[in-house]
Amino acid sequence: MTTLPTFDRPTIEGDVRPRRVSRTPRGADAVFAHAMRAVGASVLVITGGVGLFLGWQAFPTLQRYGLSFFTTEVWEPDTDVVGIAGILAGTVSVAAVAMVIAFPLSLLTALYISEYAPARIRPTLVSLVDLMAAVPSIVYGLWGFFLVMPHAAELALWLQRNLGWLPFFQVRDTDPDAAVWDTSRYVGSAFCAGIAVSMMVMPMACAVMRQVFSQTPVGEKEAALALGATRWGVVRSVVLPFGRGGIIGGTMLGLGRALGETIAVVLIISVAFEVKPNLVEIGTATVSSTIAGRFGEAGPAQLSALLAAGFVLFLITLAVNTVAAVVVNRGRSGAGVEA
Amino acid sequence: MTTTHDTAPAHDVTVRLTAVGTTRLPGERADLDAAPALPRPGLGRPTPAERFLRWAPWLSGLGAAWLVTQRLLPLSGVPWFLIAWFVAGVLLTAVVTAMTTGVTDMRDRVAESVVTGAALLVGAALLSTVLFVVVRGWQPLTHLNFFVDDMSGVGPKESLDRGGVLHAIVGSLIQLGIALLITLPLGIGTAVFMTEVGGRFARVVRTVVEAMTALPSIVAGLFVYTVWIVALGRDRSGLAAAFAIAVMMLPIIARAADVVLRVVPGGLREASLALGASRWRTVWHVVLPTARPGLATAVILGVARGVGETSPVLLTSGAAPFLVKGPTDGVMNSLPLFIYTNVRSGEPTAINRAFGAATVLLLLVLLLFVLARLLARPKRARSRPGLRRSMGASVRALVPRRTPAPPAPPVPSEENR
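In order, the protein sequence lines correspond to chains A and B.
Residue numbers for the first sequence follow my numbering, beginning at 1 and rising by one.
Residue numbers for the second sequence follow my numbering, beginning at 1001 and rising by one.
Certain hints may be false.
Listed next, the stretches of chain A that the computed footprint assigns to chain B, with coverage defined by at least 3 CB atoms under 8 Å from CB atoms of chain B [said to hold, decoys possible]:
#1 45 to 55
#2 81 to 94
#3 298 to 310
In case anyone wonders, no lab produced these hints; they're calculated from the structure.
Since we're looking at a predicted model, the values are computed, not measured.
Yeah, the Cβ is synthetic: ideal placement off N, Cα and C, and Gly gets one too.
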């Protein structure tokens, strides 16, 4: 037997009114929102303060040395001749060597992990790449200085003998065909430092690339396979075009880190303030290695000059990173990547 | 059979016949314009002959490499041998594949060899780094005093059974602890602000935080050195080093946490709000617990970065040879700084000690890394299996895969020193 529910109609119409909907937080929510805003503001002040402080400190240096700060090669605070042309060139050459080594290796490793490796060991390989990125830079510095540098010097000699007509591989004041070659001219170069830096850059670039490759739509890969493509055909026609944004972005993020690398470079290089194309010849200096080497003896004026150099380095890194983020996010593959 | 006009030339007839679709025997070339049939790679398991063609070129490449490097060209040494082996292997693979199948297959095989070879090279580089440091650092680790002593009164030339790295380990832990106390609440709080509160101001904060991840770590150290030590006239101390590490880590952790919080499914938030929870309850009981593994990973990987960073502490802490427990008690050593100063001293024993300390540092990083991996694994279903599992699955689908390393330290973004 069915009974109909009886409805208690409100007798007074005015009692039932929709709750007022408001986006403004009230009560505990207001406290929460304001507290979080305060935290955000303090972080903004701290991080933004660092940037502003660097810029502000750089100002007196630029006033004092003017444009010659950017064109002077040497860093000699004692004679009041200070410029960043030499150390900027050194920074760029170390980073360039690192990227020439790291780019192909990270691209191929990312391809291997995402396309070629057996599915069973893939998570392990991903962890290994992450672990490689977590290895402290001083450890890569030890590796580069004690293990790699002697071999790198031999390789440099070989490069000079066989490709010596290229300015990169020329070493001045040496005879490559001498019976006993002068090892000391081939160590401590941008080339040696670049090898160690490339080890730090590679896992980073590789992680970004692999992440983007792994987002390739499975349907497109299977479509290529169904049309008769080989595995390389799939990679070339689907994976690489899809991941182009990730490849460029990952490389540039790596470049950003390569530019700022300090300790491994300080351990390996012999200091020389000079703009030169001779990558495998002894002697170079980067912005960060100069800061690490010179801060202790610096007076107020030189400290300001070091801060100005650091600020320029920061601006370059910032520009590189911003371009990288834009490239990664613009590509089709960038949708889900928080690079 | 279809009828044809009897005026048509003979070959026209055959074309028409096939066009209408008569049955053809294999071997009969109906369409004269079609490309000749290529042998396609088999779809099943490789036959023994195919498997032989896979590894045989590498075996013969071994012989070719020996011939080239040891007999024909003056290229002695293991590296040249390996290079020659690789080149010969790739070349022979290309030749053999081109002979048996075709150009398409040859490209595939060569690409596979090159990609695998590059991955092996990277693996070898990582292995050589870890092995080299551990092998050279093993000797100091066999002395117990290495872990329980400091270097006070111990000269760089003294043998390994005197002195140790206790002060460096303690210093590293103290500096890192203080840095973490600063960065953890601020970093995660900022991430919550950027994702959960939002607004125009949050976008400004996000832009600035992302920009500051580009700050090279040495510049962070120089900043603290200039402000804290030069301008404010304080001494070098563990506290200053902790500040430098915090300035470096703060944008990294904030950004990594932001990435993790952003992939928390919006549906979970909306469900909580629809059930009447207030916003801070939603954040506290839904968003943060869901993102917990990812946040833990982000923080620990940030810590791994912080503990290994030498350049900020180089400028700010000063290398004390003795144990310092108070962060404001003046100069304090740390593991990376200990390694750096000992290597720079050039004494063989000191360099041995540096390698020992590097092994300890590697172990510390490895420990943090494994911890991060364990925490990143989603919790096993416990109380209410059904609900847990389904929710866990949806979260798992989103969180660990898309934030592989949420910032794998390497994480893309934080990566800039």
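Here is what the structure says about each hint:
1. 45 to 55: holds (count 7)
2. 81 to 94: Coverage by chain B is violated here, the residue count being 0 at a Cβ distance below 8 Å.
3. 298 to 310: Holds, because 5 residues of the region 298 to 310 of chain A bring their Cβ atoms closer than 8 Å to Cβ atoms of chain B.
Hint 2 from the earlier list is the only one contradicted by this structure; the remaining hints agree with it.
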